[in-house]
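Generate coordinates for the entire structure from the input sequences, incorporating the hints supplied.
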Amino acid sequence: MCFLLLTAFAITRAHDLLATVMLLSIYSLLCASFFVVMDAVDVAFTEAAVGAVVSTLLLLSTLSLTGRFEKPQREKPLFGLIIVLTTGALLIYGTLQMPPFGSAAAPIHQHVGSYYINQSYAETGIVNLVTSVLASYRGYDTFGELVVIFTAGVGVLALLSSQKSYPIAPIDKTILPAPMKQHHILRVVSKMLIPLILLFALYVQFHGHTGPGGGFQAGVIFASAIVLYTMIFGLQAALDVISVAWLKLFSAFGVLIYSSVGLLSLLSGENFLDYSVLAQAPIEAQHLGTLAVEMGIGITVASTIMLIFFSFSGQMHSIGEAQ
Amino acid sequence: MSEVINGLSVICLLLGGLASIIAAIGIFRFPSFYTRMHAAGITDTLGSGLILIGLMLQSGWDTTLAKLVLILLFTLITSPTISYTLANAATTNKDAAK
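Protein sequence lines, in the order shown, are assigned to chains A and B. Residues 96 to 418 (my numbering) make up the first sequence, in order. Residues 4 to 101 (my numbering) make up the second sequence, in order.
Simulated from the structure, these hints should not be mistaken for laboratory data. Where a beta carbon is used, it is the ideal one built from N, C-alpha and C, also for glycine. Keep in mind that a hint or two might mislead.
List time: in silico SDA-like cross-link candidates among lysine to any residue, alpha-carbon distance up to 25 angstroms [to be verified]: (1) A/K286 <-> B/I74; (2) B/K70 <-> B/I80; (3) B/K70 <-> A/L288; (4) A/K286 <-> A/M326; (5) B/K70 <-> A/L297.
DEER-style ranges, computed between Cβ atoms [to be verified]: (6) B/V13 <-> A/V136: 24 to 30 angstroms; (7) A/M193 <-> B/V13: 39 to 45 angstroms; (8) A/A135 <-> B/A27: 25 to 31 angstroms; (9) A/Y188 <-> B/G20: 38 to 44 angstroms; (10) A/I106 <-> B/G63: 38 to 44 angstroms; (11) A/H279 <-> B/P34: 29 to 35 angstroms; (12) B/G63 <-> A/V336: 37 to 43 angstroms; (13) A/L158 <-> B/G20: 34 to 40 angstroms; (14) B/M4 <-> A/S338: 57 to 63 angstroms; (15) A/Q214 <-> B/T38: 56 to 62 angstroms.
As C-alpha cells, this is what we get:
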C-alpha cells in the first residue's frame, strides 16, 4: 500500500513521460501483488498482463509518436487541486460507513456471493470459481466487456487509419531494414522465447477451468508474443505472418463466437447464454459453453491488441518515411 | 533427510535475499551507468535464481516444482538479455547514459 502511494506520487511529479510510463507499469505490478495478497489471483494475473505489459507497450508506442517530454506548465492548477481534494475527502467519508475490511458479514458477501461459492462447483463442474462466475453466471456482463474491447479496437483503427499513409500496402523492404538486425542476441533469444510464450498463452487459455487464467489473460499474452516479434523483426515480417485484414476478421470472429453461443440457446428456446442446450448432461454443457465463450474472448482480445499495436507502428513507419 | 533439504532451502533463500539487497544498494551507490547495471544484472540473476532454487527445495516433487524450474529457465534466459539490451542502448546513445 505504502509503495502504491509512493509510486502514485512519483507519477504526478515526473515530467519525463518515459519515466511516467515506467512508473505506471511499476504501479500496475504493485497492484497485482496487492491482489495476490488479497487472494484474487485471477484479477492479479489480468492486472499484471494488461496493466504492466500491454498498456505500457501501447503508451510507449504512443510516446514514440508524440515525443518524450511534457510541455512546461506555467499556471498552477489550484482549482483542480481543490476539486480533487474535495472528491477525495468525500470518498474517504464514504468509506467510513463501510463494513470492516475483509469482514464476512459485509452486505456484498450476503446475497449472490455465497450462492456462487456454495453452488458453483455442483452446478458448473468448473474448479475455478472466477471462471464459472465470469463465463457462466455473469456471461452477459462478460459479453458486454468483450464488445467494449472490440469497439475500442474499432475506434483506434478509425482514428489512426484515417490518414492515407497507413501501410496496408506492402512496404519496400530495401528502404526499411528490419530493426534490431545487428542485435543477434536479441533475435536468437526472442526466437527461443516466442514459441514458449505462445504455448503459455494457450495453456492459460485452456487452463482457466482449473486454475487462474482464461480468455482475457491468454489473449493478452498471445498478443504480447506477436508484439515482441514485431519489435525485433520489424512490422513487415509480422504483417507477413498475420495480415491486418485477418486480424480485423478475427477480432470480429471472437465476438461472433460468443454471441452465436448465446443465440444458439436463444433459438433452442432457452435464455440468452443458457448453456444447457449444448449437451445432454448439464455439467458437460457448462464446460462446453465456457470453453466456447473463453475461446471467443481470447481471439478477440488477442487480435484487437495486435491491431492497435500494428496501427501504432504503422504510423511510426509512415512518419519515418516522411522525414 | 528432510531437515537437510530444509536447511539448504533456508540457506538458498537467505543468500538470494542478500544478493537482491546487495543489488539494490549497488544500483543506488555505484557511480556510473555501467557499474550500476553490473550490480543490477549479476546480483539480480543470482538473487532470483537462488530464491527460486530455495523455493524448489521447499516444494517437493510436484507440479509446482516444474513451474518453478520453468520460471528459473525463463529468468536465466531473459535477465542477461535485458542487461545486454540496456548496455547496448547505453553505448549507442551516450548522452542518455549520463
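For the pair supplied as a hint, B/K70 and A/L297, is the alpha-carbon distance within the 25 angstroms limit?
holds, 16 angstroms
Verdict for B/M4, A/S338 (Cβ pair) under range 57 to 63 angstroms:
holds, 58 angstroms
Evaluate the given range 38 to 44 angstroms for the C-beta pair formed by A/I106 and B/G63.
holds, 42 angstroms
Holds or violated: are the alpha carbons of A/K286 and B/I74 at most 25 angstroms from each other?
holds, 18 angstroms
Measure nothing beyond the straight line between the CA atoms of B/K70 and B/I80; if it is 25 angstroms or shorter, mark the hint as holding.
Given that 25 angstroms is the threshold and the Cα spacing comes to 15 angstroms, the pair holds.
Look at the Cβ atoms of A/Y188 and B/G20 and judge whether their distance stays inside 38 to 44 angstroms.
About 41 angstroms separates the Cβ atoms of A/Y188 and B/G20, which means 38 to 44 angstroms holds.
I want to verify a distance hint. Is the separation of the beta carbons of A/A135 and B/A27 within 25 to 31 angstroms?
holds, 28 angstroms
If I claimed the Cβ atoms of A/H279 and B/P34 lie 29 to 35 angstroms apart, would that claim hold in this structure?
Given range 29 to 35 angstroms: holds, Cβ gap about 31 angstroms.
Mind checking the hinted window 56 to 62 angstroms against the Cβ distance between A/Q214 and B/T38?
holds, 59 angstroms
For a C-alpha distance cap of 25 angstroms, please report whether A/K286 and A/M326 respect it.
Cα-Cα ~12 angstroms, so holds.
With 37 to 43 angstroms as the target window, see if B/G63 and A/V336 comply at their CB atoms.
Since B/G63 and A/V336 have Cβ atoms about 41 angstroms apart, the given range 37 to 43 angstroms holds.
Straight-line alpha-carbon gap B/K70 to A/L288, limit 25 angstroms
holds, 16 angstroms
Violated hints for the displayed structure: none, as all numbered hints are satisfied.
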